[in-house]
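Novice: Residue strings, one per chain:
Number of protein chains: 2
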Amino acid sequence: MHPRAVVLLSGGLDSSTTLFMAREQGFELHALSFDYGQRHRVELRAAKRVAKRAGVTSHRVVKLDLRGMGGSALTDEIDVPKHRSVAEIGCDIPVTYVPARNTIFLSYALGLAEVLGAEAIFLGVNALDFSGYPDCRPDYIEAFERLANLATKAAVESSRPISIQTPLMHMNKAEIVLKARSLGLDISMTMSCYDPTSEGLPCGACDACLLREQGIAQANQS
Amino acid sequence: MHPRAVVLLSGGLDSSTTLFMAREQGFELHALSFDYGQRHRVELRAAKRVAKRAGVTSHRVVKLDLRGMGGSALTDEIDVPKHRSVAEIGCDIPVTYVPARNTIFLSYALGLAEVLGAEAIFLGVNALDFSGYPDCRPDYIEAFERLANLATKAAVESSRPISIQTPLMHMNKAEIVLKARSLGLDISMTMSCYDPTSEGLPCGACDACLLREQGIAQANQS
Numbered sequence: 215m216h217p218r219a220v221v222l223l224s225g226g227l228d229s230s231t232t233l234f235m236a237r238e239q240g241f242e243l244h245a246l247s248f249d250y251g252q253r254h255r256v257e258l259r260a261a262k263r264v265a266k267r268a269g270v271t272s273h274r275v276v277k278l279d280l281r282g283m284g285g286s287a288l289t290d291e292i293d294v295p296k297h298r299s300v301a302e303i304g305c306d307i308p309v310t311y312v313p314a315r316n317t318i319f320l321s322y323a324l325g326l327a328e329v330l331g332a333e334a335i336f337l338g339v340n341a342l343d344f345s346g347y348p349d350c351r352p353d354y355i356e357a358f359e360r361l362a363n364l365a366t367k368a369a370v371e372s373s374r375p376i377s378i379q380t381p382l383m384h385m386n387k388a389e390i391v392l393k394a395r396s397l398g399l400d401i402s403m404t405m406s407c408y409d410p411t412s413e414g415l416p417c418g419a420c421d422a423c424l425l426r427e428q429g430i431a432q433a434n435q436s
Numbered sequence: 215m216h217p218r219a220v221v222l223l224s225g226g227l228d229s230s231t232t233l234f235m236a237r238e239q240g241f242e243l244h245a246l247s248f249d250y251g252q253r254h255r256v257e258l259r260a261a262k263r264v265a266k267r268a269g270v271t272s273h274r275v276v277k278l279d280l281r282g283m284g285g286s287a288l289t290d291e292i293d294v295p296k297h298r299s300v301a302e303i304g305c306d307i308p309v310t311y312v313p314a315r316n317t318i319f320l321s322y323a324l325g326l327a328e329v330l331g332a333e334a335i336f337l338g339v340n341a342l343d344f345s346g347y348p349d350c351r352p353d354y355i356e357a358f359e360r361l362a363n364l365a366t367k368a369a370v371e372s373s374r375p376i377s378i379q380t381p382l383m384h385m386n387k388a389e390i391v392l393k394a395r396s397l398g399l400d401i402s403m404t405m406s407c408y409d410p411t412s413e414g415l416p417c418g419a420c421d422a423c424l425l426r427e428q429g430i431a432q433a434n435q436s
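From first to last, the protein sequence lines stand for chains A and B.
Residue numbering for the first sequence follows our numbering, starting at 215 and increasing by one per position.
Residue numbering for the second sequence follows our numbering, starting at 215 and increasing by one per position.
In isolation and in its complexed conformation, chain A is listed as follows (with noise of 0.2 Å):
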């Protein structure tokens, strides 16, 4: 039988990536996405694709209520900033920070895990995302995993640890596009844009494409 893990996934092309090398180190794979009223829920029809390319055990999609707590530009009515330079991107906590976001994300993730019995965690968090995130950070995943291993019945019982897993941690986008590619995800199925096109396209200007394309440019040179 093979470890079981859970793997959040979005859609996005970091998540994605996770989920592909969660896969190569031989987990069976349990996805859960959220349906929080994010503007680009676009994001989830890519998650859905993913994880059946993946050949995923489980897809569960958690509908989650975050809007009443307001403060992102992900969630409200504030615009999401457009043609950022990349150095811009991540000097600062942007708008589409989404308060306490990852921490309900991993909460979730760690039910999940308890009933499952897996005994991993997949988090697609990189080193791009942790200047500008604070939930991103390596110390900050530290704490959760301590965390996961004090508040689980099974840490309790069994002394079976939970791993929070970050493969993309140290990487670049650059990485993270040629990674995906020897694992075989098209990225094209994946979506990470902030505010999409009605019609369910990359608007091509918000600091994930910029990022996006950019990692992609990077990686056609290599």
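No lab work stands behind these hints, which were simulated from the structure alone.
Some hints could be false.
Identical copies carry no separate label here, and so any pair may be met within one copy or between two of them.
[Said to hold, decoys possible] Below, computed lysine-lysine pairings styled on DSSO-like, alpha-carbon distance capped at 30 Å:
no.: 1; residue 1: K393; residue 2: K262
no.: 2; residue 1: K266; residue 2: K393
no.: 3; residue 1: K266; residue 2: K277
no.: 4; residue 1: K277; residue 2: K262
Since the structure of chain A is provided, determine the placement of chain B on it from the hints.
Specialist: Using the frame of chain A, we list chain B on its own:
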């Protein structure tokens, strides 16, 4: 201006008493409840009554989708245990344990605390709970507090820490009953039962009912 607190409020005796204790400490109160498909939704009506009586500044009820995860008598079709002795209650992890529930609740509270600029999150866990539920123990609470202060924009940008307050941690039920009375909380407004009747009355036989009744009896003798 009073400092703000987010108070997790189920509508049970413990969280209601915690709300009144936060009020006693001079906080501006922001109550947070969850509708997570629990059998005892009558709790939410109690939460609304208690929040109003406490004079909270806001009360949010967030819909959570926990049923898909399974694994608990509170959200699934597992029978709630009845007529256990008080000695049996709290010796093991009960079937009413919802995987990662407190972690999910605290994560939402953290997001709300960040949006509101609150400096404290109050949670009504207590000594009778933490022997049975792993996520009610002091070391778990400390680990969450540590995580909270790595996860949030406020902690990163202004180093304003968020504290997780558990004022009932070392109190028994009788002490909680006495404290509630001393603060003017009419505990008949609260609802602790895991399995109320269709008329919304407590069953009188689940662990929560038994602990509560024993606490009231002891308080009345003191």
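Novice: Now, for every hint given, state plainly whether the structure supports it.
Specialist: Right, here's what the structure says about each hint:
1. In the homo-oligomer, the alpha carbons of K393 and K262 lie at most 30 Å apart inside one protomer (21 Å), although the nearest pairing across protomers, at 51 Å, exceeds that limit.
2. When the C-alpha separation of K266 and K393 is checked against a cutoff of 30 Å, the pair qualifies only within one copy, where the shortest distance is 19 Å, while the shortest distance between copies is 55 Å.
3. In the homo-oligomer, the alpha carbons of K266 and K277 lie at most 30 Å apart both inside one protomer (20 Å) and across protomers (28 Å), since each shortest distance falls under that limit.
4. In the homo-oligomer, the alpha carbons of K277 and K262 lie at most 30 Å apart both inside one protomer (15 Å) and across protomers (23 Å), since each shortest distance falls under that limit.
Violated hints: none; the structure is consistent with every hint.
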